[in-house]
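S.K.: Numbering (this note's numbering) for the sequence shown: 138 to 329.
If you're looking for bench data, these hints aren't it; they were derived computationally from the structure. One should not assume that every hint holds.
Heads up, simulated DSS-like pairs for lysine-lysine below, C-alpha to C-alpha not over 25 Å straight-line [stated by the list, open to error]: (1) Lys225 / Lys279; (2) Lys236 / Lys253; (3) Lys253 / Lys218; (4) Lys225 / Lys253.
Note that the structure is a prediction, hence the values are computed from the model and not measured.
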Amino acid sequence: MSETSLLPKNASAYELALEATTARIGNVPVIVREVWNPDTCPYNLLPWLASASSVDTWQADWTDEQKRGAIKASLAIHQRKGTIGAVKRALAAIGLGVKVQEWFNQDPPGDPFTFKLIFETDQTGIQFDDIAVILELVDNAKNLRSHLTKIVPIVTTRNQPSMATASNSGTEVTVDQYLDPIVVINELVIPI
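Whenever a hint applies, use it, and build me the whole structure from the sequences.
M.R.: Here you go:
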């Protein structure tokens with residue numbers, strides 16, 4: 138027991154050990170301001186920062202940029218929760234640009250209180266594993282009365298089109314011994 142101790146003289150060994158441990162907490166080289174900032178927080182502490190920031194959806198296999206983006210957008214999403222803006226922000230936080238088309242903006246108009254998501258992506262498109270995450274993000278950000286009816290991916294390519302053709306004609310294909318041979322004439326277009 139040190140001279141600056143606030144513990145009574147009859148303190149237990151556990152209390153003395155706890156006091157000695159907490160007395161050295163100032164020697165830990167972590168700046169609290171950096172831990173609470175998503176840009177400067179150490180990578181291994183991001184899940185705890187996400188929990189403290191009330192991030193609704195978290196995937197361990199997200200990239201560093203997606204994790205930090207989800208933490209940064211959490212406050213704005215919670216402020217606008219239940220709106221289309223919250224849905225857009227939640228998906229934009231993990232790098233998915235989306236347009237939301239509500240039922241009254243569809244042609245012909247959709248069922249009341251429904252909406253569809255229109256994703257504009259590059260050639261990689263949307264992976265099937267990402268669909269579950271997208272649905273979870275949307276479900277956490279949308280209002281309770283609205284329902285997602287469709288996800289429409291629009292995949293664009295950035296390269297110039299190149300075409301090649303190959304044709305094959307006169308091939309005989311016998312399906313069964315009791316049927317006449319079928320002559321197949323086909324043309325195959327292969328992008329290069």
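S.K.: Check each numbered hint against the structure and report the violated ones by number, ascending.
M.R.: The structure conflicts with no hint, since it agrees with every one listed earlier.
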